[in-house]
Amino acid sequence: MARELVVYLNPNDVPATTSPAAMVRATPGVRPGVLMADTVELTAKVESVDLPKHEATLHISDGRSGTFKVRKDVDLTLVKPGAKVFIRTRAAAAIMLEKP
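Counting the sequence shown from 1 gives a position; this note's numbering is that position plus 241.
Some clues are possibly wrong.
Stated by the list, open to error - In silico lysine to aspartate or glutamate, EDC-like type, Cα no more than 16 Å apart, as pairs:
#1 K321 x D303
#2 K321 x E288
#3 K294 x D314
#4 K325 x D303
#5 K325 x E282
#6 K294 x D316
#7 K294 x E282
#8 K321 x E282
#9 K286 x D303
#10 K313 x D291
#11 K325 x D279
Read the hints as simulated data drawn from the structure, not as lab findings. On a predicted model such as this, the values are computed, not experimentally measured, just so you know.
Working from the sequences, and respecting the hints, build out all of it.
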């Protein structure tokens, strides 16, 4: 299982999504397996920025709020409360069957 979360500070520069959901099966003759992936896209509003902790609190369009650690290479001095951001989260799970 893998999960990734990406927040874009400029909603106008968000790359296009390749596929919102996908399921792939193993080809015939190969060990049975399945890969499933799902992408969710939301917008959020910046409620506050904590510069010393390098965190931002977001109010997400689905009604949730949360405080998120931000990568050190992101300049949070440019992010102001009230700014709109774009969130893309992807979860993927792979199942591979093997003989014991």
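Going down the list of hints, with the structure as the test:
1. K321 x D303: violated, 21 Å
2. K321 x E288: With Cα atoms ~8 Å apart, K321 and E288 stay inside 16 Å; holds.
3. K294 x D314: holds, 14 Å
4. K325 x D303: Since the Cα atoms of K325 and D303 sit roughly 14 Å apart, the hinted pair holds (cutoff 16 Å).
5. K325 x E282: holds, 14 Å
6. K294 x D316: holds, 13 Å
7. K294 x E282: Given pair K294, E282 is violated - Cα atoms ~26 Å apart, limit 16 Å.
8. K321 x E282: violated, 22 Å
9. K286 x D303: holds, 11 Å
10. K313 x D291: Given that 16 Å is the threshold and the Cα spacing comes to 13 Å, the pair holds.
11. K325 x D279: Given pair K325, D279 is violated - Cα atoms ~23 Å apart, limit 16 Å.
Hint compliance for this structure: hints 1, 7, 8 and 11 are broken, all remaining hints hold.
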